[in-house]
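With chain Z fixed as given, assemble chain U onto it according to the hints.
2 protein chains.
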Amino acid sequence: MSNRIILLAHGSSDKRWCETFENLATPTLTAVADSRIAYMELAEPSLDDIVAEGVKDGVHQFTIVPLFLAAGRHLRKDVPAMIEGLEATHGVTIELAPPIGENPQLGEAIKDVVVQQLGANKS
Amino acid sequence: MSNRIILLAHGSSDKRWCETFENLATPTLTAVADSRIAYMELAEPSLDDIVAEGVKDGVHQFTIVPLFLAAGRHLRKDVPAMIEGLEATHGVTIELAPPIGENPQLGEAIKDVVVQQLGANKS
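Heads up: the sequence lines are chains Z and U, in that order.
Sequential numbering from 0 applies to the first sequence in numbering that gives the first Met the number 0.
Sequential numbering from 0 applies to the second sequence in numbering that gives the first Met the number 0.
It should be emphasised that the hints constitute simulated quantities derived from the structure, not laboratory data.
Worth double-checking, as some hints may not be accurate.
What the hints assert, rightly or not - Per label pair, the in silico range of CB-to-CB distance:
(1) P97/U x L41/Z: 30 to 40 Å
(2) D77/Z x E40/U: 12 to 22 Å
(3) Q115/U x R15/Z: 24 to 34 Å
(4) S45/Z x R72/U: 48 to 58 Å
(5) D77/Z x L41/U: 17 to 27 Å
(6) E43/Z x K55/U: 33 to 43 Å
Claimed, not checked - In the SDA-like style, the derived pairs of lysine to any residue whose C-alpha atoms are separated by at most 25 Å in a straight line are:
(7) K55/U x I4/U
(8) K76/Z x G90/Z
(9) K14/Z x E107/U
(10) K76/U x D13/Z
(11) K14/U x L95/Z
(12) K55/U x D33/U
(13) K76/U x L41/Z
(14) K55/U x A32/U
(15) K14/U x P97/Z
(16) K76/Z x C17/U
As the structure is a prediction and not an experimental result, all values here were calculated from the model.
Glycine is no exception: its CB is placed at the ideal position from the N, C-alpha and C atoms.
For reference, chain Z alone in the conformation it holds in the complex:
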């Protein structure tokens, strides 16, 4: 059974915010089959939009990968509550993965960015 990956960003009414997350998501959306981006609030597509679209496509299993550096109230309370509602409404199973910032690769990428910036400033 296919499993659709949902990259979940916070969302904002500021288009520049969403553009940054769309750029961040692009390599994953390009490399990983059956992956989508969705916003928790204040921007579209919403999580509900993407789950409804999946159901239409015959997908009933989803994994949410939060594009968040750490888990705060949103990931500990709000998103699990949204997931419970979506599972009941759409008859689907949704797994919540840890926020991407909990993976050590992110710390390495941050180091690379800082070192690169320092080099650029020096030249």
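For chain U alone, kept in the frame of chain Z given last:
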């Protein structure tokens, strides 16, 4: 003249939040001389703590690298206002770098994390 790097995280009263950012910062703090972590609010050390410590050490130039995926109100308004205050109070120069999420390397790291997680789930 030496320039101190400040990795700026949002901060939270939840220790697990700060631990995640400390883990994210560790590779940079290890690799980059004269780098520190600071929190915008709700956790210590504060930005003021770190700038005051720098002044004590004879440092008068700082670069803030925001450990944020995108620039919202905090980075567009609150942090620039804090910087203005700190420059006036401490007689220092503080440069605000773009949030780490605006660097394409972060998007690549996110892709690697998702691909790795998918592989782990399959095995």
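Structure-based check of all given hints:
The hinted window of 30 to 40 Å between P97/U and L41/Z is violated, with their beta carbons roughly 22 Å apart. Distance hint for D77/Z and E40/U: a CB-CB separation of about 20 Å, consistent with the stated range 12 to 22 Å. The beta-carbon spacing between Q115/U and R15/Z, approximately 29 Å, falls within the hinted interval of 24 to 34 Å. Look at S45/Z against R72/U: about 21 Å separates their beta carbons, and that is not inside 48 to 58 Å.
The hinted range of 17 to 27 Å is satisfied by D77/Z and L41/U, whose Cβ atoms lie roughly 18 Å apart. In this structure the supplied range 33 to 43 Å is violated for E43/Z paired with K55/U, their Cβ-Cβ distance being about 49 Å. The hinted pair formed by K55/U and I4/U meets the criterion: a straight-line CA distance of about 16 Å does not exceed 25 Å. Taken as a hint, the K76/Z and G90/Z pair is honoured in the structure, with Cα atoms around 21 Å apart against an allowance of 25 Å.
Between K14/Z and E107/U the CA atoms are separated by roughly 22 Å; this keeps the pair inside 25 Å, and the hint holds. Annotation: proposed proximity of K76/U to D13/Z holds, straight-line Cα distance about 14 Å (limit 25 Å). Pair hint K14/U plus L95/Z holds up; C-alpha atoms about 21 Å apart against a cutoff of 25 Å. Using a Cα cut-off of 25 Å, the hinted pair K55/U and D33/U holds, with the two alpha carbons roughly 14 Å apart.
For the hint linking K76/U to L41/Z, the alpha-carbon distance of about 19 Å falls within 25 Å, and the restraint holds. Among the hinted pairs, K55/U with A32/U is consistent with the structure: their alpha-carbon atoms are about 17 Å apart, no more than 25 Å. Between K14/U and P97/Z the CA atoms are separated by roughly 17 Å; this keeps the pair inside 25 Å, and the hint holds. About 18 Å separates the Cα atoms of K76/Z and C17/U, which keeps this hinted pair within 25 Å; it holds.
Taken one by one, the earlier hints fail for this structure at numbers 1, 4, 6, listed in ascending order.
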